[in-house]
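Q: Spelled out, the chains give:
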Amino acid sequence: MGIIKKFEVTMFGLSKFVSRGLTTSLRRYISVGESIPQTNLTVIEKVNGKFEKATINSGSLFKNQKVVIVGYPGCYTPTCETLHLPQYIQRAEDLRKNGISKIYAVAVNDPFVTMAFAERLGAEDKISFIADGNGDFTKKLNMETDLSAGGLGVRSKRYSMIVSDNKVETLNDEGGPSFTNLSAVSQILEQSSKKGASK
Amino acid sequence: MLSASRLFGRTLTSTFRRYISVGETIPQTNLTIIEEVNGKFEKTTITSTALFKNQKVVIVGYPGCFTPTCEGIHLPQYIQRSADLRKTGVNKIYALAINDPFVTASFAQKLNAGDKIAFIADGTGEFTKKLKMETDLSSAGLGIRSKRYSMIVNDNKVETLNDEGGPGFTNLSAVSQILEQARKNK
Numbered sequence: 001m002g003i004i005k006k007f008e009v010t011m012f013g014l015s016k017f018v019s020r021g022l023t024t025s026l027r028r029y030i031s032v033g034e035s036i037p038q039t040n041l042t043v044i045e046k047v048n049g050k051f052e053k054a055t056i057n058s059g060s061l062f063k064n065q066k067v068v069i070v071g072y073p074g075c076y077t078p079t080c081e082t083l084h085l086p087q088y089i090q091r092a093e094d095l096r097k098n099g100i101s102k103i104y105a106v107a108v109n110d111p112f113v114t115m116a117f118a119e120r121l122g123a124e125d126k127i128s129f130i131a132d133g134n135g136d137f138t139k140k141l142n143m144e145t146d147l148s149a150g151g152l153g154v155r156s157k158r159y160s161m162i163v164s165d166n167k168v169e170t171l172n173d174e175g176g177p178s179f180t181n182l183s184a185v186s187q188i189l190e191q192s193s194k195k196g197a198s199k
Numbered sequence: 001m002l003s004a005s006r007l008f009g010r011t012l013t014s015t016f017r018r019y020i021s022v023g024e025t026i027p028q029t030n031l032t033i034i035e036e037v038n039g040k041f042e043k044t045t046i047t048s049t050a051l052f053k054n055q056k057v058v059i060v061g062y063p064g065c066f067t068p069t070c071e072g073i074h075l076p077q078y079i080q081r082s083a084d085l086r087k088t089g090v091n092k093i094y095a096l097a098i099n100d101p102f103v104t105a106s107f108a109q110k111l112n113a114g115d116k117i118a119f120i121a122d123g124t125g126e127f128t129k130k131l132k133m134e135t136d137l138s139s140a141g142l143g144i145r146s147k148r149y150s151m152i153v154n155d156n157k158v159e160t161l162n163d164e165g166g167p168g169f170t171n172l173s174a175v176s177q178i179l180e181q182a183r184k185n186k
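Line by line, the protein sequences are chains A and B.
Sequential numbering from 1 applies to the first sequence in this note's numbering.
Sequential numbering from 1 applies to the second sequence in this note's numbering.
One thing to keep in mind: the hints can contain errors.
As the list claims (entries may be wrong) - DSSO-like, lysine-lysine: derived pairs with alpha carbons at most 30 Å apart:
id, chain 1, residue 1, chain 2, residue 2
1, A, Lys139, B, Lys132
2, B, Lys116, B, Lys129
3, A, Lys140, B, Lys132
4, B, Lys116, A, Lys46
5, A, Lys50, B, Lys110
6, A, Lys126, B, Lys132
7, A, Lys140, B, Lys129
8, A, Lys140, B, Lys130
Treat the hints as calculated values from the structure; they're not laboratory data.
Kindly produce the complete structure, drawing on both the sequences and the hints.
A: If you want it as structure tokens, here you go:
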């Protein structure tokens, strides 16, 4: 191979490596130790017996707070409705004993659907909801997944995380919509009790 | 040349952006239908061509399940007057929104739609975008949604279209309007 050709091949390979590396860096989802990217959030929670909608900046919402964020694919989908979220509602008290101030369930659903779903779940004031209707927050965390095949469009992956004063302390990422012990409440209870014990 | 190509491109874009009109054929799409079968809401997939073949149907586009106007006023009207629509020769009423099948089925239950109207769960917005009837409701946290409209489709051809142009609800997309139009076209 001529020297020019060798040069071309090397540069080509190098540029691909760089771009793939760059792409991977850009596509890498939120990690432990990173700060939650500042976003305006629509929060649905029960206030005086009624579900209310409020807009608040993530920076303010999570400031000086230790919270659990639970990502789920969709309101009214079977697993989210019957297994995943009810667990967190049931064990909300235990999570609070581990120093968790609040639990936020986030999905790419609008505020209206989210509110109706919160009522349906009987969430009361045990967990709050982030209605990420346009998917802005989920995309900033790079935690989105394409569920168009199921007629759902782009949604949140299933995951759970502990966020302390806007920094990600723990992340359990299912990598897709599936539900396993990884994103179950038992896992995050254990992780939050360890942290609490080490304080 | 740049200006010429820009003008050409803009014209092309405008041509492509024109939404579905009277006389045009519904673009063939796979649809997810939610309807009551034996007392339970079931989900099926069927092509629009097969679904609307030799049928006179009313399609009601609405911005979203569980939103106040859709839930409180717009769709209940169509549920209440569905029998009257059928008397004018309309075989079926389809309510269409960019919502997934799960949300749609729960909404259908909440509305007590029964077997009076069926629902098209256009989860990815594919059908709405083919009809070019989408609108951006991101400012309200809803993303891309269907405009509010009603239309009469006869054997896959659009006979009548009442387009609100956005999410607003007026007499234009009300059931009274389509009832009158269906009676005239009987």
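Q: It remains to establish, for every hint, whether it holds in the given structure.
A: Results of checking the hints against the structure:
1. A:Lys139 with B:Lys132: Measuring from Cα to Cα gives roughly 26 Å; hence the hint holds.
2. B:Lys116 with B:Lys129: holds, 26 Å
3. A:Lys140 with B:Lys132: holds, 29 Å
4. B:Lys116 with A:Lys46: Since the Cα atoms of Lys116 (chain B) and Lys46 (chain A) sit roughly 34 Å apart, the hinted pair is violated (cutoff 30 Å).
5. A:Lys50 with B:Lys110: holds, 19 Å
6. A:Lys126 with B:Lys132: The given pair, whose Cα atoms are some 42 Å apart, is violated under the 30 Å limit.
7. A:Lys140 with B:Lys129: holds, 26 Å
8. A:Lys140 with B:Lys130: holds, 29 Å
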